[in-house]
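A.B. asks: As a plain string of letters, each chain reads:
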Amino acid sequence: MTPRHPSVSLIGRYAGGGGGIATDELWALESHLESCGDCRRHLADLVGERAPEVSALVAGVWAELTPRLHAVPPTPQARRWVRRSATWWPPAMMSWFVTTVMATLFLVVAGHLLGAVGVTPMLLAAPVLPALGVAAAWSRGLDPAYELTISSPRAGLPLVLRRTAVVLVAVMPVLLVAGALTGISLAQWLLPSLAFTTGTLGLGSLIGMTRAAVALMSAWATVIVASSAALHDGVFALQPGSMPVWAALGALGAVLVVLRRNNYTSLAIHR
Amino acid sequence: MTRSIGSADLAPAKYAFEIRAEGLEVTVGRRRKAVDGMDLALGTGVHGMLGPNGAGKTTLIRTLATVLHPSGGTLELFGTPLRALADKRELRRRIGYLPQEFGYYKRFTVREFVEYMAWLKEVPGKEVPGAVQRAVERVGLADRADHRLKTLSGGMVRRAGIAQAIVNDPRILLLDEPTVGLDPAQRLRFRELLQQLGLDCCVVVSTHLVEDVAAACTDVVLVAEGRLVFQGSPDELAAAGGPEHVGDSPIERGYSALLAPHSGDRGAW
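Respectively, the protein sequence lines represent chains A and B. Counting with our numbering, you get residues 1 to 271 for the letters of the first sequence. Counting with our numbering, you get residues 272 to 540 for the letters of the second sequence.
Hint data in this document are derived by calculation from the structure and do not stem from the laboratory. Since this is a predicted model, take the numbers as computed values, not measurements. Each hint can be trusted.
Now the in silico label distances, taken between C-beta atoms and shown as ranges:
#1 A/Leu114 - B/His479: 50 to 60 Å
#2 B/Arg419 - A/Leu168: 25 to 35 Å
#3 B/Gly294 - A/Thr87: 36 to 46 Å
#4 B/His479 - A/Ser95: 28 to 38 Å
#5 B/Glu372 - A/Thr87: 21 to 31 Å
#6 A/Ala71 - B/Lys285: 43 to 53 Å
#7 A/Thr87 - B/Ala357: 23 to 33 Å
#8 A/His70 - B/Gly350: 44 to 54 Å
#9 A/Arg68 - B/Asp414: 17 to 27 Å
#10 B/Gly350 - A/Arg68: 42 to 52 Å
#11 A/Ala165 - B/Arg360: 14 to 24 Å
Some chain B residues near chain A, calculated using beta-carbon distances under 10 Å:
#12 Val338
#13 Leu369
#14 Pro370
#15 Glu372
#16 Phe373
#17 Thr380
#18 Glu383
#19 Phe384
#20 Tyr387
#21 Trp390
#22 Leu391
Note that CB positions come from ideal geometry on N, CA and C, so glycine has one too.
Using the sequences and the hints given, assemble the complete structure.
C.D. replies: Below, the structure is given as structure tokens:
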């Protein structure tokens with residue numbers, strides 16, 4: 001339905017004081033003027049013509065008010081980027097990011113010093129670094145505003161995925177550069193790291209994010225130790241043949257996340 | 272700026288009490304029932320929740336804020352029964368919550384912090400600046416709105432916390448120990464704010480300070496060992512105590528009279 005605008009003559013009569021306009025018409029006109037910018041502009045023009053004393057009064061008020069308004073210092077513009085960026089990147093995640101960069105640097109250097117080929121410290125750590133980021137994004141200890149966040153309407157799966165996406169976007173370039181420096185290929189760690197990420201999220205909805213990350217890292221360490229004891233020439237879990245298993249584990253984690261989606265609004269996931 | 276009145280504001284309430292609990296049980300940790308069979312009906316007004324430490328006040332408030340799930344009994348908010356795995360977005364938009372351990376980002380200014388919270392509370396983007404300004408003015412922080420939180424005193428930070436709780440114009444406002452860190456003058460202002468908020472909102476304030484309850488609350492809820500011990504007006508609470516009970520004011524004597532049967536052997540202090 002397109003709104004019907006009042007006639008110019010009606011607006012003119014209204015501008016001239018509204019004498020002779022029926023009450024119901026007046027009411028309809030005023031409620032229309034509240035919502036219609038074009039008609040308000042007509043009214044402003046017509047007030048200048050029909051009721052110069054009103055325009056003079058308004059102009060006088062402005063003339064007196066303007067110097068006073070200039071004397072008041074303007075409210076500093078809120079740093080909008082702070083709030084915008086916080087919606088993607090809560091300040092609490094900065095410490096995790098710095099730690100990750102430092103840890104990666106350390107692993108790269110350690111790999112060079114040890115002269116390890118094939119199984120480098122970097123290769124072993126790369127899959128779990130994003131999972132740690134996920135845990136950090138939802139950690140009671142790292143995020144001072146965790147209880148406010150978790151009690152808000154926006155808490156829940158969308159916010160979890162948003163923060164996870166940011167973690168991945170932040171950590172992937174670091175890992176790519178580190179991978180290029182140490183000569184490990186993307187294919188070797190990408191699927192495992194995604195599987196660890198969804199695994200942490202899924203398991204986290206059951207036992208808490210931090211616990212989930214710790215549990216998965218312990219499991220990963222056990223796998224490494226077991227496999228390096230069994231075979232001396234590498235970690236079977238990161239061979240190309242194991243990739244379907246990682247994909248399946250990742251999918252399992254994702255399914256768990258979707259099934260438990262309403263659990264991300266409870267304090268329990270912060271344990 | 273005028274506020275437009277939406278259909279949500281004009282819709283008739285389909286419930287008698289904003290908060291209604293029957294036989295509510297909440298388990299904390301593995302076994303301990305912090306709330307154990309609580310029956311509660313709270314409507315519009317200011318409800319002061321009193322009780323000794325460990326009585327289950329914080330657990331109850333967290334349950335009302337829907338961050339903890341009841342392990343038994345029923346809880347209705349706005350007439351809607353709360354289910355453990357339901358989508359709570361719609362409910363939460365109408366709830367304001369100030370946790371006891373209230374954490375914040377130190378580098379944020381008051382305005383940035385309240386704006387961020389308004390985003391988390393899904394206040395429509397266009398309404399955010401106005402809503403933030405109103406909330407900040409109501410708690411008397413307008414002149415400090417652009418100061419960083421780390422430069423503010425404890426009392427002002429608490430007020431910023433109250434501002435974030437009311438930024439979404441909640442119908443249920445849950446304040447856990449909001450008067451900690453406020454000086455006497457600020458507490459007087461805070462009581463006025465409470466009375467104002469209680470006109471059209473169900474405010475639940477947990478506190479240790481009996482005099483706050485006497486001055487600002489229309490209703491007292493006394494909790495001990497996870498159960499409701501007493502609910503009534505401050506005057507009724509005062510009437511429960513006699514000269515033989517411990518306390519410096521009638522309401523304190525009423526408090527100790529009602530809690531005496533529940534103190535058990537923990538009454539040494």
